[in-house]
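Participant: Take a look at the letters that make up each chain.
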Amino acid sequence: MRHDLAILAFACAVATGTQAQVAARDLFVRADKGQCIACHQLPEGAGAATRADIGPRLDGGRMRALGKAGLRQSIADPTVANPDTVMPPFGRHRILDAGEIERLVEFLLALP
Amino acid sequence: MNARLHRGTFARLLSAWVCVLGGAQALAAPEPVKKEIAARLERQYPDLKGADYALGSAAFDTELRAALEEHANAAAESIEAGRALWNAKFRDAKSLASCFPNGGRRIAQNYPQYDAGLKRVVTIAMAVNQCLKVHKQPLYDPADPATMGAIVAYVRSLALGQRIAVRVPAAAEEKFEQGRRLYFTRLGQRNFACASCHLQSAGKRYGDVALSAPIGQATHWPEIRGAKPVMLQARMRECLELMGAAPFPVGSEELNQIEFFLTYLSNGQPLKAGAWRPG
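Protein chains in written order, with the numbering used here: chain A, 1 to 112; chain B, 1 to 279.
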């Protein structure tokens, strides 16, 4: 019985993790949300492929170098670091809420 | 609903702010503005020939450029429909053709024009409706592709290859300046200005679409998308929606002024019409 519960808990954790990833990927492409895909490319195999190049390619190594706080700030209001950036202030202009920004940060940190 | 309200209010407030600034700041003379933008693009794309800008986004996209040649006659149906409307007789036996010099041949390169009497920028679509009004005819919806879009496609087809030659007399410099400010002012929930994409990121790709540059952006309209003519101001509205701003109406002062500004930047470029775009 205890063994079955452990398996169930593990399965739920995997499913929740997968759902979060899918949701973040959804935020990444949705026109009414981040739609990051309009400006950025993902590493091959990590999601939808476009030729977008307004912003830099989102390689996992670079994302991890920016760190969680740096990424969070870059998404919430990139104009703080660079007033001339064309990237929208997703948090400041309420395009994404705090939870959605966190999901995107986790998604970016997990990129290959 | 809230997001829509927020976007609309935001855009209107910014627009009002731009208008207030319009009365308070010195005007930038049109030619230096054009030269500065041209110099910036030349630094970004030193290998791009001046005349290539007339291709719009196709200047930066070799696949689209090849497709344009394949679809060189994409506008034929719209032009034919426009020709019929242009020559249709009113009850007084006049027609749209009779309202314009030379039956409308080789006039499109001079539009938009500043009308000193009206103190307004007049686009081809407005001039068409002015003619209809004088002759007591029902006006066309300036945003309707099937009527006004077809007429504009036809009139522009009568000026193919003419060098764009929009004049900005001293009395119209404020209108030009207002168009310039609107083009460079960040609007809407996404905080984009037209210039964010079309100057700062000209030639780059938004999704898979190459971004046109301000010079040459007004040369090739209407574009033909899904067999329908899409006019420049309709395209501006699509951009405004992408920016998360409440789009100004077709024929509004704001879009007329942006069109005036943009078309002046294309002065000297060959006029094209009916450029095909993927539907």
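Worth flagging that the hints you see were computed from the coordinates, not collected in a lab. You may find that some hints are simply not true.
[Stated by the list, open to error] If the Cβ cut is set under 8 Å, some of the chain B residues that face chain A in the computed set are:
no., residue
1, Q137
2, P138
3, D141
4, N191
[As the list claims (entries may be wrong)] Restricting the straight-line Cα-Cα distance to at most 30 Å, the calculated cross-link-like pairs of lysine-lysine (DSBU-like) are:
no., chain 1, residue 1, chain 2, residue 2
5, B, K34, A, K68
6, B, K228, B, K204
7, A, K33, B, K136
8, B, K49, B, K35
9, B, K204, B, K94
10, A, K68, A, K33
Glycine included, each C-beta is placed from N, C-alpha and C at the ideal position.
Participant: Hint by hint, say whether it matches the structure.
Facilitator: Now for the hints, and whether the structure bears them out:
| no. | hint | verdict |
| --- | --- | --- |
| 1 | Q137 | violated, 40 Å |
| 2 | P138 | violated, 37 Å |
| 3 | D141 | violated, 27 Å |
| 4 | N191 | holds, 5 Å |
| 5 | B:K34 <-> A:K68 | violated, 43 Å |
| 6 | B:K228 <-> B:K204 | holds, 26 Å |
| 7 | A:K33 <-> B:K136 | violated, 48 Å |
| 8 | B:K49 <-> B:K35 | holds, 15 Å |
| 9 | B:K204 <-> B:K94 | violated, 48 Å |
| 10 | A:K68 <-> A:K33 | holds, 20 Å |
Checked against the numbered hints listed earlier, the structure breaks hints 1, 2, 3, 5, 7, 9; every other hint is satisfied.
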